[in-house]
Amino acid sequence: MDGSYEFLEDLRRLSAAYRRLEGGLYLLNSGMIATLIYIVALYLGIPTFFGFYWHGSILAAAPAFVSLILGLLGGKVIDRRSRYDLFSHLDEAISEKTKAAYDNRGSDSVVMQSLAEDVKRCLSTVGAADLMNSRRLYLGTRSVPAFQAKAGALLLLLASAAVFAHSPGDGAPPQPFSSLSDLRDRAMALFADEELPEEAGSSPGISGEIYGKPSLAVLEEVNLELVLYPGSAAGFRSRETDPVDRFFTISEPGEGVAVPTDQYIESLPPQHREIIKRYFENLATIS
Amino acid sequence: MRDDLINIYKDAPAIFETIREEIGKVVVGQKPVVEQILVGILAGGHILLESNPGLGKTLLVKTIASTTGLHFSRIQCTPDLMPADITGTTLIEEVEGSKHFRFEEGPIFANIVLADEINRASPRTQSAMLEAMQEKQVTVGKNTYRLEEPFFVLATQNPIEMEGTFPLPEAQLDRFLLKVFIDYPSPEEEYQIMERYTGHAEPKVERVITRRELLSLQQLVRDVPISDDLKRAAIKAVVSSRSWEGVEYGASPRASIGLILASKARALLSGRDYVDRADLEVMARPIFRHRIILTFDSERRGVTTDQVISEIMKAI
Numbered sequence: 034m035d036g037s038y039e040f041l042e043d044l045r046r047l048s049a050a051y052r053r054l055e056g057g058l059y060l061l062n063s064g065m066i067a068t069l070i071y072i073v074a075l076y077l078g079i080p081t082f083f084g085f086y087w088h089g090s091i092l093a094a095a096p097a098f099v100s101l102i103l104g105l106l107g108g109k110v111i112d113r114r115s116r117y118d119l120f121s122h123l124d125e126a127i128s129e130k131t132k133a134a135y136d137n138r139g140s141d142s143v144v145m146q147s148l149a150e151d152v153k154r155c156l157s158t159v160g161a162a163d164l165m166n167s168r169r170l171y172l173g174t175r176s177v178p179a180f181q182a183k184a185g186a187l188l189l190l191l192a193s194a195a196v197f198a199h200s201p202g203d204g205a206p207p208q209p210f211s212s213l214s215d216l217r218d219r220a221m222a223l224f225a226d227e228e229l230p231e232e233a234g235s236s237p238g239i240s241g242e243i244y245g246k247p248s249l250a251v252l253e254e255v256n257l258e259l260v261l262y263p264g265s266a267a268g269f270r271s272r273e274t275d276p277v278d279r280f281f282t283i284s285e286p287g288e289g290v291a292v293p294t295d296q297y298i299e300s301l302p303p304q305h306r307e308i309i310k311r312y313f314e315n316l317a318t319i320s
Numbered sequence: 004m005r006d007d008l009i010n011i012y013k014d015a016p017a018i019f020e021t022i023r024e025e026i027g028k029v030v031v032g033q034k035p036v037v038e039q040i041l042v043g044i045l046a047g048g049h050i051l052l053e054s055n056p057g058l059g060k061t062l063l064v065k066t067i068a069s070t071t072g073l074h075f076s077r078i079q080c081t082p083d084l085m086p087a088d089i090t091g092t093t094l095i096e097e098v099e100g101s102k103h104f105r106f107e108e109g110p111i112f113a114n115i116v117l118a119d120e121i122n123r124a125s126p127r128t129q130s131a132m133l134e135a136m137q138e139k140q141v142t143v144g145k146n147t148y149r150l151e152e153p154f155f156v157l158a159t160q161n162p163i164e165m166e167g168t169f170p171l172p173e174a175q176l177d178r179f180l181l182k183v184f185i186d187y188p189s190p191e192e193e194y195q196i197m198e199r200y201t202g203h204a205e206p207k208v209e210r211v212i213t214r215r216e217l218l219s220l221q222q223l224v225r226d227v228p229i230s231d232d233l234k235r236a237a238i239k240a241v242v243s244s245r246s247w248e249g250v251e252y253g254a255s256p257r258a259s260i261g262l263i264l265a266s267k268a269r270a271l272l273s274g275r276d277y278v279d280r281a282d283l284e285v286m287a288r289p290i291f292r293h294r295i296i297l298t299f300d301s302e303r304r305g306v307t308t309d310q311v312i313s314e315i316m317k318a319i
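Line by line, the protein sequences are chains H and U.
For reference, each letter of the first sequence is one residue, going 34 to 320 in the numbering used here.
For reference, each letter of the second sequence is one residue, going 4 to 319 in the numbering used here.
This is chain U alone, in the form it adopts within the complex:
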């Protein structure tokens, strides 16, 4: 086992480079977004992707899933989606004349679950995902079923179409490790997208990492050393967010855990064997932005959550 870890650790920079290259075959640009999603996967956290329609959220997640060779499933959330549609249901099955119950697994039983437009699902259905996301298990009736490791939910939501949507409750938002914004591509990148997707050849990606390798990398992430000073700085940032001017509700203790884990993952992804301050500063935004709720007055004045996070990180 230790030898495996040593080998994986040695190969890690090459593995990450290959993953980036494979994703780059399909997704044009969006390098910071790709990095953040890879950080989320390495840290073993769930990711909420937010962008305007047509920016390739679903394509990005599918591509990442393809490079990892993990079991991937997609749930298109709609208001009439029922919890059993996600978790699975118990069926009566007749085998050789006798009838018995059989549990039919839902799409949540996968390694990477893409919950597309999660804010269109009803609160009841959204809640069904809570247990799966936090406990990595599903309870149907009296039975509890473990989800296979690794397990990630990559949910997308559209910020501009608010009609007929159910904004995610704070408790559920807190379960996402990162909230990643996808911005519009540059004109040059958009030209490349147009060229790539208006011809006959469909870009294909290859699997470059196995499930076992990914689990080893996740273990290595937890072993990345971080100084006590940076741990204290992370806690200070989280605590400061609770009393920061213009903030209604600050980040929970999950944020400090998430910030350290995400920083460790970023360090490993960058080929470093220790966490530095830049890791904390870069990961603070996706970690905090869905955990900090601004006051009405701040929003009225046009203050954004990212601005507040930048101020907090400057102050610590």
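Same shape as in the complex, but just chain H:
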């Protein structure tokens, strides 16, 4: 802007305020989009996946960075769609005369001087809040409540994302599904031809709790997780027996302690010892 009319000072002030508002709106829009994208990513388990495989690396934060970049790009698209035009956000009566005065700021005619004084009077009554136009916010009919509503929506989204991210169980690293699945398939193939004892399938009182509980075994210094999948035991079922003393090694939670093979075998119910022993022998040949 050039020229020496006083209204140009007011226009500069409003222009700066308008740019700040534009910046605020851009950040709000970007934040909303980024948060939405991150919520979707959380729902799909992408951040957990990255966290497990690249724990401690910068790649673990990749989903958050990508969400942020996509949010900024989305905010830019909205920002570009709503082109910068201060005059259109002034009151209709003031807008036309301000535009005329600004476009003719190089003239020093009598009429222009009169218009400049008039525009100066009008612009002095316009505040930054008057520039917030509901059309730009796409919400509500009043600008300030619409702005607040948008900020509130962003806070809600951020809170939802936080709840998602810290829900119980989600913080733990996931099991290596693919390796377990392979193991399960191969184990099932090994036991597919085994003949079951006659009395095995007829015992009542079978608890479903034997499935899906992982155990830890160490074989030749390799940690192995043992999971019994429904159906993977080839029809073998447990039944109630007399109480038997078991040998347990006391250890701290999370610490796998190696148990001598003989002790482990002896701690098993006699009728199961043979099949478990063969299970581990076969497992050893597989790995």
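These are computed hints drawn from the structure, not numbers from a lab.
Fair warning: there could be bad hints in the mix.
Calculated pairs, EDC-like style, for lysine to aspartate or glutamate (alpha carbon to alpha carbon, straight line, at most 16 Å) [claimed, not checked]:
| # | chain 1 | residue 1 | chain 2 | residue 2 |
| --- | --- | --- | --- | --- |
| 1 | U | Lys28 | U | Glu209 |
| 2 | U | Lys234 | H | Asp151 |
| 3 | U | Lys34 | U | Asp14 |
| 4 | U | Lys13 | H | Asp151 |
| 5 | U | Lys65 | U | Glu209 |
| 6 | U | Lys13 | U | Glu216 |
| 7 | U | Lys13 | H | Glu150 |
| 8 | H | Lys109 | H | Asp124 |
| 9 | U | Lys145 | U | Glu108 |
Since the structure of chain H is already known, use the hints to place chain U on it.
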């Protein structure tokens, strides 16, 4: 000079109000027509008035001329009117025994020229007015004579009596800034006209503006600020008229100049120191209606030029 302009600018609203009051003493109603004629005068353009007979075209022009105190002349156009009857002619004059040529000015040498029923004049005579209207000068023989500022031609024409008339060529029509239609007065206004002109007292108007003041106002009109957006809108309207459906020939660049000038004049007349979109929309009709020629098919379908202009202005 600048002080004069400042004073005139301050007094402008009062001057315009007084002119309206004076004209209102003689002319009943027709406020939009009066406004458009004042716009034409302030913009320094020529005006073509069209109406059925008896609607007071001549009276209106004479009244406006009286309020301004400008030199007024009237030309009653007929088919046998010769160009020299308008521009003037060179006479041989004898002074103290010696003879010399003297140029006798015609009625075109006035500030406001009323060319009554201009479409009755022959094309040759109509053309004689072309130079005067555009260049504001008259050439007779080898001599060129400047016309005194301000200079306006206010021509009237009657649309219903076509026999024995010579429709104005497009080139000449384009030289008129505005084409103004005068409609019939309302029954109430007609009653007032009857009352006013059937008594003994003839309404009189007084001069309320001087030639110098009018020239200053014309200068102020050109200084009225207009935004670049509205200038572009005016150009867009003119350009659109050339390719508009149902239009044979669109408006010339003179139309965009005229539209901006007329809008500025209307803004000043309305007491505004800037042009707004309403000025463009209101002035578009009188500016475009004689510059747009519809196709035969459009005319056959009953489409009017004013309808096309409204569509164009809505579209921009």
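Structure-based check of each hint:
{"no.": "1", "hint": "U/Lys28 to U/Glu209", "result": "holds (10 Å)"}
{"no.": "2", "hint": "U/Lys234 to H/Asp151", "result": "violated (22 Å)"}
{"no.": "3", "hint": "U/Lys34 to U/Asp14", "result": "violated (21 Å)"}
{"no.": "4", "hint": "U/Lys13 to H/Asp151", "result": "holds (14 Å)"}
{"no.": "5", "hint": "U/Lys65 to U/Glu209", "result": "holds (12 Å)"}
{"no.": "6", "hint": "U/Lys13 to U/Glu216", "result": "holds (12 Å)"}
{"no.": "7", "hint": "U/Lys13 to H/Glu150", "result": "holds (14 Å)"}
{"no.": "8", "hint": "H/Lys109 to H/Asp124", "result": "violated (26 Å)"}
{"no.": "9", "hint": "U/Lys145 to U/Glu108", "result": "holds (15 Å)"}
Comparing the model with each numbered hint stated earlier shows that hints 2, 3 and 8 do not hold.
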